[in-house]
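Chains as they are written, first to last, in the working numbering: chain A, 27 to 267; chain B, 27 to 267.
It should be emphasised that the hints constitute simulated quantities derived from the structure, not laboratory data. One or more of the hints may lead you astray.
One copy or two, it doesn't matter: identical chains are merged, so the pair holds either way.
What the hints assert, rightly or not - Computed cross-link-like contacts, DSS-like style, restricted to lysine-lysine with a CA-CA straight-line distance of at most 30 Å:
| hint | residue 1 | residue 2 |
| --- | --- | --- |
| 1 | LYS91 | LYS264 |
| 2 | LYS264 | LYS75 |
| 3 | LYS191 | LYS91 |
| 4 | LYS91 | LYS75 |
| 5 | LYS164 | LYS191 |
| 6 | LYS264 | LYS191 |
Number of protein chains: 2
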Amino acid sequence: MIPVLEIFGPTIQGEGMVVGRKTMFVRTAGCDYRCTWCDSAFTWDGSAKEDIRQLSVEDVWHELKQAGGENFDHVTISGGNPALLRHLGDLIDLLHNNGCQVALETQGSVWQDWFLNIDDLTISPKPPSSGMETDFSKLDDILSKVEEADRTTTHTSLKVVVFDKADFAYAEHVHQRYPQVPFYVQVGNPDPLTDEQTNLVSGLLDDYEALVDRVVASSAMNNVRVLPQLHVLIWGNKRGV
Amino acid sequence: MIPVLEIFGPTIQGEGMVVGRKTMFVRTAGCDYRCTWCDSAFTWDGSAKEDIRQLSVEDVWHELKQAGGENFDHVTISGGNPALLRHLGDLIDLLHNNGCQVALETQGSVWQDWFLNIDDLTISPKPPSSGMETDFSKLDDILSKVEEADRTTTHTSLKVVVFDKADFAYAEHVHQRYPQVPFYVQVGNPDPLTDEQTNLVSGLLDDYEALVDRVVASSAMNNVRVLPQLHVLIWGNKRGV
Ligand code: SF4
Ligand code: SF4
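All chains, full assembly: derive it from the sequences and hints.
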């Protein structure tokens with residue numbers, strides 16, 4: 027059984043290595059981190075406890091088909107930290123057997139063997155502003171397993187969210203530690219609870235421009251991609267889109 | 027010699043298959059099309075005639091280094107239609123020899139053998155609203171050459187700009203004709219001359235949401251990516267950024 031909080035779509039992936047990709051979302055409950063600026067804190071802070079359902083992989087597929095019909099061939103599994111779920115491999119197999127590609131994002135604190143079956147795997151270690159500390163030996167281990175399976179340049183990416191100077195230095199460090207892994211830097215959502223869409227968008231675009239400027243000025247950050255969160259630009263902080 | 031209109035950067039690629047990628051830009055002069063909504067009409071309408079310089083490939087590299095220093099490893103060649111320039115292959119070789127990856131966008135009206143040396147090749151056939159007509163036998167020819175060289179899924183993409191319903195039907199047609207080629211749909215810039223940044227951004231985001239809705243509703247458009255133009259969201263219609 028998989029603890030599921032949300033199943034929705036089709037929509038687009040708003041960030042990272044397959045930004046813009048038409049996809050469905052499955053959001054799992056539970057996280058081993060407590061990032062200060064977590065934009066899905068409801069997955070772990072108890073506030074949506076009564077919405078968590080224990081679903082079989084067949085149930086998940088049934089609900090995906092119900093929501094998406096014939097209009098999807100890609101599913102994004104997000105959290106929380108879906109890497110906490112050992113049995114997610116069964117869902118990934120079922121999705122593949124039904125002609126879907128699968129994307130997943132995790133902070134890189136836990137390895138699962140089914141990482142090697144994910145088509146678009148985003149490892150997103152958390153910068154200092156999150157209040158979390160990165161276990162680099164764990165991250166080394168994950169990325170060397172991906173490398174051994176020859177999936178570094180095709181199915182994997184690193185993504186770091188940047189809020190401030192210290193975060194940017196952290197991003198440079200991560201990129202230099204794993205230069206062969208496609209690298210994404212992303213602006214953070216400064217206010218994941220506001221419903222003031224106009225201010226949110228103009229603030230995000232200002233932050234995005236500032237991050238572009240930082241990347242442009244850094245010779246340690248050449249082979250990188252800098253992205254905003256497209257879904258926030260369109261829908262603000264609304265859930266389920 | 028290469029007819030060059032602009033050399034600038036580092037900045038980010040605002041659209042297409044390497045959206046967000048830190049890059050330099052080289053803009054060449056001349057186009058065989060006359061799209062109604064062309065956002066770089068100055069490359070062919072005579073209005074920037076006195077800015078066109080005939081540069082050797084060494085000159086182009088020298089100016090790139092002068093502008094970018096050590097802060098780049100990727101160069102985007104845009105136009106106009108750079109595919110009109112038979113000798114661009116020399117520039118691509120020089121860039122590769124200096125450790126740069128090379129991206130190029132063209133509408134797909136002309137083949138050049140050096141297409142097979144481009145790391146990120148975007149073929150962007152023009153939809154009905156452009157006023158241009160696509161020569162599909164030419165497009166078939168280009169994409170089969172790319173396929174023969176086994177570069178379809180790794181180094182190539184198709185991109186169609188969508189302004190209206192007819193454009194969307196055209197995009198569906200192109201995607202179905204070449205289903206194996208990574209496919210991008212993009213909102214057009216409704217007003218490539220305005221300097222009213224705020225209205226431009228909110229209009230673009232509305233158009234982007236509408237395009238996402240169209241893609242979501244179409245089962246012919248599952249394996250696609252829908253993107254806005256990030257540089258327009260940040261900088262509006264300003265040139266040289
Ligand atoms: S790792 Fe992700 S889900 Fe977990 S607390 Fe941090 S931002 Fe939230
Ligand atoms: S093909 Fe491109 S450069 Fe040429 S007229 Fe059309 S939009 Fe402008």
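Outcome of the hint check:
{"no.": "1", "hint": "LYS91 - LYS264", "result": "within (23 Å within a copy, 44 Å between copies)"}
{"no.": "2", "hint": "LYS264 - LYS75", "result": "within (19 Å within a copy, 48 Å between copies)"}
{"no.": "3", "hint": "LYS191 - LYS91", "result": "between (44 Å within a copy, 27 Å between copies)"}
{"no.": "4", "hint": "LYS91 - LYS75", "result": "within (25 Å within a copy, 56 Å between copies)"}
{"no.": "5", "hint": "LYS164 - LYS191", "result": "within (25 Å within a copy, 50 Å between copies)"}
{"no.": "6", "hint": "LYS264 - LYS191", "result": "both (29 Å within a copy, 27 Å between copies)"}
Checked against the numbered hints above, the structure breaks none of them.
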